Amino acid sequence: MSAGTLHRTAYDDVPYTRGGVVDRTEVGALVRSAVDGDAAAWKALVEGLSPLVWSVVRAHRLSEADGHEVFQTVWFRFAQHLGRIREPDKAGAWLASTARHECLKVLKGLSRLTLTDDPRVLDRASEERTPEETLIDSEEAADRAERVRRLWQELDALGERCRQLLRVLMASPPPSYGEISAALGIAVGSIGPLRQRCLRRLRARMDARGAL
Amino acid sequence: MNGDEEMPGGPDALADGLLEEELRQAAAVLDPVPADLLQSALDAFALHDLDARLAELTFDSLVDALPVRGAADPPRMLTFRAGEVTVDVEVTGDGLIGQLMPPQSARIELLGGPGHARPLTADPLGRFTGGPPPTGPFALRLRTGAEVIVTEWLRA
Chain E
13 MSAGTLHRTA YDDVPYTRGG VVDRTEVGAL VRSAVDGDAA AWKALVEGLS PLVWSVVRAH
73 RLSEADGHEV FQTVWFRFAQ HLGRIREPDK AGAWLASTAR HECLKVLKGL SRLTLTDDPR
133 VLDRASEERT PEETLIDSEE AADRAERVRR LWQELDALGE RCRQLLRVLM ASPPPSYGEI
193 SAALGIAVGS IGPLRQRCLR RLRARMDARG AL
Chain X
15 MNGDEEMPGG PDALADGLLE EELRQAAAVL DPVPADLLQS ALDAFALHDL DARLAELTFD
75 SLVDALPVRG AADPPRMLTF RAGEVTVDVE VTGDGLIGQL MPPQSARIEL LGGPGHARPL
135 TADPLGRFTG GPPPTGPFAL RLRTGAEVIV TEWLRA
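The listed protein sequences derive, respectively, from chains E and X.
13 is the number of the first residue of the first sequence in the numbering used here; add one for each residue after it.
15 is the number of the first residue of the second sequence in the numbering used here; add one for each residue after it.
No lab work stands behind these hints, which were simulated from the structure alone.
Do not rely on the hints blindly, as some may be mistaken.
[Unchecked claim] If you anchor each label on the Cβ, the simulated ranges turn out as follows:
no.	chain 1	residue 1	chain 2	residue 2	range
1	X	P146	E	S75	19 to 27 angstroms
2	X	E70	E	S202	27 to 35 angstroms
3	E	G222	X	G129	52 to 60 angstroms
4	X	Q53	E	Q165	13 to 21 angstroms
5	X	V162	E	A41	23 to 31 angstroms
6	E	R221	X	G129	47 to 55 angstroms
7	X	G159	E	K120	36 to 44 angstroms
8	E	Q165	X	P146	38 to 46 angstroms
9	E	G121	X	A60	23 to 31 angstroms
10	E	R44	X	T149	33 to 41 angstroms
11	X	G159	E	A51	27 to 35 angstroms
12	X	D137	E	R173	46 to 54 angstroms
A quick note: this is a predicted structure, and the numbers were derived from the prediction, not measured.
Glycine included, every Cβ here is placed at the ideal spot set by N, Cα and C.
Whole structure, please, built from the sequences with the hints as guidance.
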């Protein structure tokens with residue numbers, strides 16, 4: 013993908029050809045196949061869109077337990093609504109929007125109780141070790157791992173709006189601006205400028221740490 | 015850094031794109047979708063039920079109700095609707111209490127995920143109870159004489 017396709021006006025219509033399990037242009041067809049009982053199509057949807065749903069959960073800083081329940085609720089409901097989704101091509105936005113609303117419900121429920129957890133603790137990366145993470149710990153990858161960790165730390169210090177946007181933006185494959193809009197409740201037109209500002213602020217912070 | 019939007023493809027836009035990609039790789043390594051969650055999303059295909067009628071959530075006290083003064087932990091009130099049929103549910107610390115309208119007998123189960131169902135006690139007038147309260151995502155499956163109704167999945 014060239015940098016030009018990341019520009020906001022172009023972004024939404026560009027088919028994703030890079031790396032992802034699901035090509036977003038196929039989402040509608042996959043939904044229709046899944047409605048007809050095609051388990052392979054369902055699997056492709058789950059693998060292609062789970063990172064987006066997860067990113068919305070993480071962007072809202074839910075506790076581990078709440079985040080897991082929201083993620084499951086979103087997928088259970090998606091399975092239930094499969095044949096009733098009006099725009100199957102926009103299933104990603106449907107999932108992102110459902111995830112956002114469930115996250116907001118959790119936060120609303122929490123605000124009625126006493127907050128006892130340290131929010132910074134809630135925001136740490138998953139405890140689970142992945143093979144990739146183990147790999148990145150190996151000595152030869154140590155420098156890269158260090159930069160990745162710093163990037164993660166700086167992200168946390170960027171402020172809430174930027175942290176949320178970037179956490180959703182970095183889902184894989186890259187979400188469309190329509191999906192980001194559904195995930196965070198912000199206008200599509202404001203995503204491009206916000207993205208630019210947040211990425212540049214992050215880059216400036218990394219430069220200041222001499223991490224480049 | 016003057017806030018102007020530049021032409022796509024400029025050096026800064028390129029650097030933005032690279033940084034975004036680097037973040038994407040970092041997320042995949044440091045914060046991937048947990049494997050058990052991925053599995054439960056795959057298993058959720060079993061919840062795609064063509065035969066059941068969906069009862070949509072039309073009222074949720076968590077969202078729609080004004081806070082009750084003095085009530086520290088009010089019960090969650092939910093209403094689901096499928097056509098002319100409504101299901102009112104109250105989630106308390108002890109379990110579920112509910113009412114199917116119009117009143118009619120039904121076999122009612124509490125679903126907790128793919129393959130997890132436990133029966134609730136229902137009377138001939140459509141009143142039902144059961145405990146303990148659900149702890150994660152849940153739905154109700156109601157078999158009336160005429161049809162099967164499933165409520166929208168919800169987090170307790």
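Now for the hints, and whether the structure bears them out:
1. As the Cβ distance of P146 of chain X to S75 of chain E is approximately 21 angstroms, the hint placing it in 19 to 27 angstroms holds.
2. Between E70 of chain X and S202 of chain E the Cβ separation comes to about 31 angstroms, which falls inside the hinted range of 27 to 35 angstroms.
3. The hinted window of 52 to 60 angstroms between G222 of chain E and G129 of chain X holds, with their beta carbons roughly 54 angstroms apart.
4. At about 30 angstroms, the CB distance of Q53 of chain X to Q165 of chain E disagrees with the hint of 13 to 21 angstroms.
5. At roughly 29 angstroms, the beta carbons of V162 of chain X and A41 of chain E sit within the given window of 23 to 31 angstroms.
6. Take R221 of chain E and G129 of chain X: their Cβ atoms lie about 49 angstroms apart, and the range 47 to 55 angstroms holds.
7. Separated by about 38 angstroms at the C-beta atoms, G159 of chain X and K120 of chain E satisfy the suggested range of 36 to 44 angstroms.
8. Roughly 41 angstroms separates the CB atoms of Q165 of chain E and P146 of chain X, a value that falls within the hinted 38 to 46 angstroms.
9. Distance hint check: the CB atoms of G121 of chain E and A60 of chain X are about 28 angstroms apart, consistent with the given range 23 to 31 angstroms.
10. Take R44 of chain E and T149 of chain X: their Cβ atoms lie about 34 angstroms apart, and the range 33 to 41 angstroms holds.
11. Range check, G159 of chain X to A51 of chain E: about 32 angstroms between beta-carbon atoms, so the 27 to 35 angstroms window is met.
12. As the Cβ distance of D137 of chain X to R173 of chain E is approximately 52 angstroms, the hint placing it in 46 to 54 angstroms holds.
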